[in-house]
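One line per chain: the protein sequences are A and B, in this order. Under this note's numbering, the residue at position 108 of the first sequence is numbered 108, and the numbers go up by one with no gaps. Counting the second sequence from 1 gives a position; this note's numbering is that position plus 1000.
Please note that the accuracy of each hint is not assured.
Taking lysine-lysine and the BS3-like style, the derived pairs with C-alpha atoms no more than 27 Å apart in a straight line are [to be verified]: (1) A:Lys139 to B:Lys1167; (2) A:Lys83 to B:Lys1290; (3) B:Lys1030 to A:Lys8; (4) A:Lys7 to B:Lys1284; (5) B:Lys1003 to A:Lys83; (6) B:Lys1516 to A:Lys132; (7) A:Lys5 to B:Lys1030; (8) B:Lys1223 to A:Lys160; (9) B:Lys1550 to A:Lys160; (10) B:Lys1275 to A:Lys160; (11) B:Lys1433 to B:Lys1477; (12) B:Lys1080 to B:Lys1477; (13) B:Lys1280 to A:Lys160; (14) B:Lys1284 to A:Lys160; (15) A:Lys160 to B:Lys1030; (16) B:Lys1030 to A:Lys83; (17) B:Lys1316 to B:Lys1223.
Calculated directly from the structure, the hints in this document are not laboratory data.
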Amino acid sequence: MRIIKDKKISDDDWVIVRELDDSAPIPEGNVILPFSYWQANRDDLLKQNSAHAVWIDGDIETEVLSDDLEHFLIIGLDFPAFKDGRSYTHARMLRDRYGFEGELRAMGNVLRDQMFFMFRCGIDCFEVSEGKDAEEALKSFNDFSVRYQAAADDAVPIYKLR
Amino acid sequence: MYKYDNYDQTIVDERVAQFRDQTERFLAGKLTEDEYRPLRLMNGLYVQRYAPMLRVAIPYGLLSSDQLRMLAHISRKYDKNYAHFSTRQNVQFNWPALETVPDILADLASVEMHAIQTSGNDIRNTTSDQFAGIAEDELEDPRPYCEIIRQWSTFHPEFSFLPRKFKIAVSGATEDRAAVKVHDIGLYLVKNDAGEIGFNVIVGGGLGRTPFIGPSIKPFLEKQHLLSYLEAILRVYNRFGRRDNMYRARIKILVNDLGKEEFTRQVEEEWSHIKDSVLKLDQKEIDRVKGFFTSPDYDKNATDDESFDEAEKSNKDFSNWTKRNLFTHRVAGYKAVVVSLKAPGIAPGDATDEQMDHIAELADQYSYGEIVVTHDQNLVLPNVKQADLFSLWKKLSEKNLATANIGLLTDMICCPGLDFCALANAGSIPIAKQINERFDDIDYLHDIGELKIKMSGCMNACGHHHVGHIGILGVRKKDEEFYQLTLGGSAEKDACLGDRLGPSIAKEEVADVISKLLDVYVEQRQDEERFLDTYRRVGITPFKDRVYPKTAVKEKAYANN
């Protein structure tokens, strides 16, 4: 998958499994699984000695996965449409409240002009949509050099520097 | 007023560059219409019925004379020589070409202005009392808190894609001149038993299709917790506000669906996690921002003047104007002057480039260079010496800016309606014109006294019709414009929603019907009662009976069957 990770373009071999029946066998390889599949097959998955990754959408509250965070290398956050902003709060909850230190990967309709906001909420990896120019997208991290408020990236609001 | 430092200026400059790039990508075909739409909307750029419309933010309505001159310049250079002041204390340009918008933004940035978050599902311009800083009934100036909220909410990474738009208002006075209770969040500065000043937090008010007067969820919030509490409310809303139906997506629906108690519990729970975080405001920052909102150096001898009383006695036009267009100032010998943008024949809230330049000059000459936009679409010169009032009045009259109608029937709130807006079902401006033509006798208007007519061209309620003493809502029936009237609404401390008068009426009958309503008022009023007071005392029946005589109602019911 083509990704932007830590503000650099790269490829990795993680595959997002969008749909998977709870009773399906555990897929091979590095897979980012639907959280519902994780819940249904948690014990079996934990017996495997591999790295774990799940994804959630806006409907799944971060409280539900907060006890399992230690097992996850990656949590995918789905952005189904420009307007659905719930995953911004998911990211901040996972970072600020639950102290998740693994990768937060934005997936779905990841638009260049939203990456600045996503990054500020603690998302450090971005799925590059088909047909989009990743080099161009990188520029968006530099859209603003000043940030008024504290978020998951800056520890202090700007006024403390004034 | 607040002055930008390097940080503030950098943000607006970088925003201009970002939007220029987005617009260039769109014009080059690299962004589709669908992808560009939300980007332009986050910058106040709508594509309307005939042309794009650009909404520019005027934080809490406060403008310097140089900023007003820039608005005049923009209207001349990029538009059709006028601008429209809105009920959010903002300003709108109705005819800019899309490709010139980045240049307009650059011009705005040169005078510390922008169009950030003037549309989109984000936190909009925080509004306030147009008499903030000078009103006698003020406990504390609300504007420093508006500015603190402005900075916190600007490009807030978590709250830029909310279920729906989000509006905050702050008032620091006993009288509510900011329609606080019909906002997503309304804040009243209040004093507790210990004598400390904090905020009474109202959540979930709003107009639109489903109007609500917002309940208080925290009667006293200490100032240091302002931002953490706002963040807690916004976070609960961003997580749980409805996204499946845009007409059910405002926070008022969430508050109403959960109930005030459960909603409050969720906010308090969220707040308990972030209350003592870096969001806690320190007093140093509050004091720093307060330092920008200082009083000018008032003339101690302002009360010595006698010319004002003499002019009032000898000139009836002037005295009509002083009765309606002046507001008591807390400093003796000074007045706040309301410049009426409601002259007959003019679309309410519109000002030409020439008028804007003129007002900017007068502000420099008479009012320390400051102008305030009111939520009822007029402008205020907040600090005018009594001795200057007569010359100011004469100069305002030269440019048709001294209509003596503030708070009167013709001082209507009016949305752009069918003439400009893509959402409207019916015209608003033509109705304003009809009312102005019918009620052109200034003595009659003064006799009728305070009467707030608020008019919207569709149920989105940009003209606040629910809270008008007389509300007028444009509806469409079989492709014709009809108007639904409500009576008895108020947006002040006694906020309430108007009651429906009866079936909607035809376009050409609006002024006739208002005339009948006023007849009932004149017959029924006691002592100094305003229209609203009489209505509250006698109820809707006499008004209904006059407008819809029984036989006519029956006939209509029959015709509808």
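Structure-based check of each hint:
no. : hint                   : verdict
1   : A:Lys139 to B:Lys1167  : violated, 31 Å
2   : A:Lys83 to B:Lys1290   : violated, 36 Å
3   : B:Lys1030 to A:Lys8    : holds, 22 Å
4   : A:Lys7 to B:Lys1284    : violated, 36 Å
5   : B:Lys1003 to A:Lys83   : violated, 33 Å
6   : B:Lys1516 to A:Lys132  : violated, 63 Å
7   : A:Lys5 to B:Lys1030    : holds, 24 Å
8   : B:Lys1223 to A:Lys160  : holds, 17 Å
9   : B:Lys1550 to A:Lys160  : violated, 68 Å
10  : B:Lys1275 to A:Lys160  : holds, 18 Å
11  : B:Lys1433 to B:Lys1477 : holds, 22 Å
12  : B:Lys1080 to B:Lys1477 : violated, 33 Å
13  : B:Lys1280 to A:Lys160  : holds, 12 Å
14  : B:Lys1284 to A:Lys160  : holds, 9 Å
15  : A:Lys160 to B:Lys1030  : violated, 39 Å
16  : B:Lys1030 to A:Lys83   : holds, 20 Å
17  : B:Lys1316 to B:Lys1223 : violated, 47 Å
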